[in-house]
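> Read off the chains here:
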Amino acid sequence: QVQLVESGGGVVQPGGSLRLSCAASGFTFSSYGIHWVRQAPGKGLDWVAFIQYHGNDKRYADSVKGRFTISRDNSKNTLYLQMNSLRVEDTAVYYCAKDLAGGSYSIDYWGQGTQVIVSS
Amino acid sequence: QSALTQPASVSGSPGQSITISCTGTSSDVGSYNLVSWYQHHHPGKAPKLMIYEVSKRPSGVSNRFSGSKSGNTASLTISGLQAEDEADYYCLSYASSSTWVFGGGTKLTVL
Numbered sequence: 001q002v003q004l005v006e007s008g009g010g011v012v013q014p015g016g017s018l019r020l021s022c023a024a025s026g027f028t029f030s031s032y033g034i035h036w037v038r039q040a041p042g043k044g045l046d047w048v049a050f051i052q053y054h055g056n057d058k059r060y061a062d063s064v065k066g067r068f069t070i071s072r073d074n075s076k077n078t079l080y081l082q083m084n085s086l087r088v089e090d091t092a093v094y095y096c097a098k099d100l101a102g103g104s105y106s107i108d109y110w111g112q113g114t115q116v117i118v119s120s
Numbered sequence: 121q122s123a124l125t126q127p128a129s130v131s132g133s134p135g136q137s138i139t140i141s142c143t144g145t146s147s148d149v150g151s152y153n154l155v156s157w158y159q160h161h162h163p164g165k166a167p168k169l170m171i172y173e174v175s176k177r178p179s180g181v182s183n184r185f186s187g188s189k190s191g192n193t194a195s196l197t198i199s200g201l202q203a204e205d206e207a208d209y210y211c212l213s214y215a216s217s218s219t220w221v222f223g224g225g226t227k228l229t230v231l
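Those protein sequence lines, which keep their order, are chains D and S. Heads up: the first sequence at position 33 corresponds to 33 in the working numbering, and the numbers run straight through without jumps. Heads up: the second sequence at position 1 corresponds to 121 in the working numbering, and the numbers run straight through without jumps.
Among the hints, erroneous ones may be present.
[To be verified] Which bits of chain D does chain S cover? Going by a derived footprint, with three or more residues having C-beta under 8 Å, they are:
1) 14 to 20
2) 23 to 36
3) 42 to 48
[Unchecked claim] Listed below are the simulated EDC-like cross-link pairs for lysine to aspartate or glutamate, each with C-alpha atoms no more than 20 Å apart in a straight line:
4) S:K165 with D:D99
5) S:K168 with S:D205
6) D:K43 with D:E89
7) D:K43 with S:E173
8) D:K58 with D:D46
9) S:K227 with S:E204
10) S:K189 with S:E204
11) S:K168 with D:D108
12) S:K165 with S:E204
13) D:K43 with D:D62
14) D:K58 with D:D73
15) D:K65 with S:E206
16) S:K227 with S:E206
17) D:K65 with D:E89
18) S:K165 with D:D57
19) S:K168 with S:E204
20) S:K165 with S:E206
21) S:K168 with S:E206
22) S:K168 with D:D46
23) S:K176 with D:D108
24) S:K176 with D:D73
25) S:K165 with D:D108
26) S:K165 with S:D208
27) D:K76 with D:D62
28) S:K165 with S:D205
29) S:K227 with D:D57
30) D:K43 with D:D73
31) S:K189 with S:E173
32) D:K76 with D:D57
33) S:K168 with D:D99
34) S:K227 with S:D208
35) S:K176 with S:D205
36) S:K168 with S:D208
[What the hints assert, rightly or not] Residues from chain D that face chain S, not an exhaustive set, calculated with beta carbons under 8 Å:
37) G55
38) Y80
39) T91
40) V93
These are calculated hints, taken from the structure and not from any lab test. Don't be surprised by glycine CBs; every beta carbon is placed ideally from N, CA and C.
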């Protein structure tokens, strides 16, 4: 079955950096686009970034553009999110999520999430 | 990339039907039949896809869940409400900026 397992979350000071990872299994990772979605405490879901299956097409929310970088290693079935210049408002649970594909532009599987806390 | 507009909360009794709206603009909901809906019981648990491409149901999702769209507003209807339907519901739309945007979320309470 499809599994997405995030790791790398933690506590970091404002202005600091963190790299999240997402290990995928149970499907052909190299054939699907993957999203990062976050949820701040007490808030709703917030789309962060997307990378197409081949890694050459990357898209970002305006709130993270220029600070976050999404990447993937298809040989390791792993997705990454490099987060630089972190702000207090980046505090959230970060989910990696598999695109349904087939032109549906929706998400069919999600990980359990990893907590990121930005605080001094 | 403004969030799509959903009611903060809706409620209904077991067996009743409820509808959750998701209002966007001509740059997202109105331009594409690419609206999906997610059920989220609590943070730390994976959300679940309930509807994709406005009205399609994934395998395994109850036919009590249905979706529709008119203009810039998409809707999720849950018929025959059950206690286990109590959760937060989010819409998601593809947008003309080649990005995605979520709705603010709706808390469904089954009375």
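> Is the listed coverage of the region 42 to 48 of chain D by chain S valid when you require three or more residues with a beta carbon under 8 Å from a beta carbon of that chain?
Holds, because 4 residues of the region 42 to 48 of chain D bring their Cβ atoms closer than 8 Å to Cβ atoms of chain S.
> Hey, K165 (chain S) versus E206 (chain S), does the alpha-carbon distance stay inside 20 Å?
Status holds; Cα separation ~14 Å.
> Is K227 (chain S) close enough to E204 (chain S), meaning Cα to Cα at most 20 Å?
holds, 13 Å
> Checking hints one by one. Is V93 (chain D) an interface residue toward chain S, by the C-beta closer than 8 Å rule?
holds, 6 Å
> For the pair supplied as a hint, K43 (chain D) and D62 (chain D), is the alpha-carbon distance within the 20 Å limit?
holds, 18 Å
> Under the criterion that the straight-line Cα-Cα distance not exceed 20 Å, is the pair K189 (chain S), E173 (chain S) satisfied?
Holds. K189 (chain S) to E173 (chain S) sits at ~10 Å (cutoff 20 Å).
> Hey, K168 (chain S) versus D208 (chain S), does the alpha-carbon distance stay inside 20 Å?
Status holds; Cα separation ~11 Å.
> Regarding the pair K227 (chain S) and D57 (chain D), is the alpha-carbon distance no greater than 20 Å?
violated, 34 Å
> Sort out whether D73 (chain D) lies within 20 Å of K58 (chain D), counting only the CA atoms.
holds, 14 Å
> Sort out whether D205 (chain S) lies within 20 Å of K168 (chain S), counting only the CA atoms.
holds, 12 Å
> Any CB of chain S closer than 8 Å to the CB of G55 (chain D)?
violated, 16 Å
> Between K76 (chain D) and D57 (chain D), is the straight-line Cα distance small enough, at 20 Å or below?
holds, 19 Å
In terms of the numbered hints stated before, the structure departs from hints 1, 2, 7, 10, 15, 18, 24, 27, 29, 30, 37, 38, 39, listed from lowest to highest.
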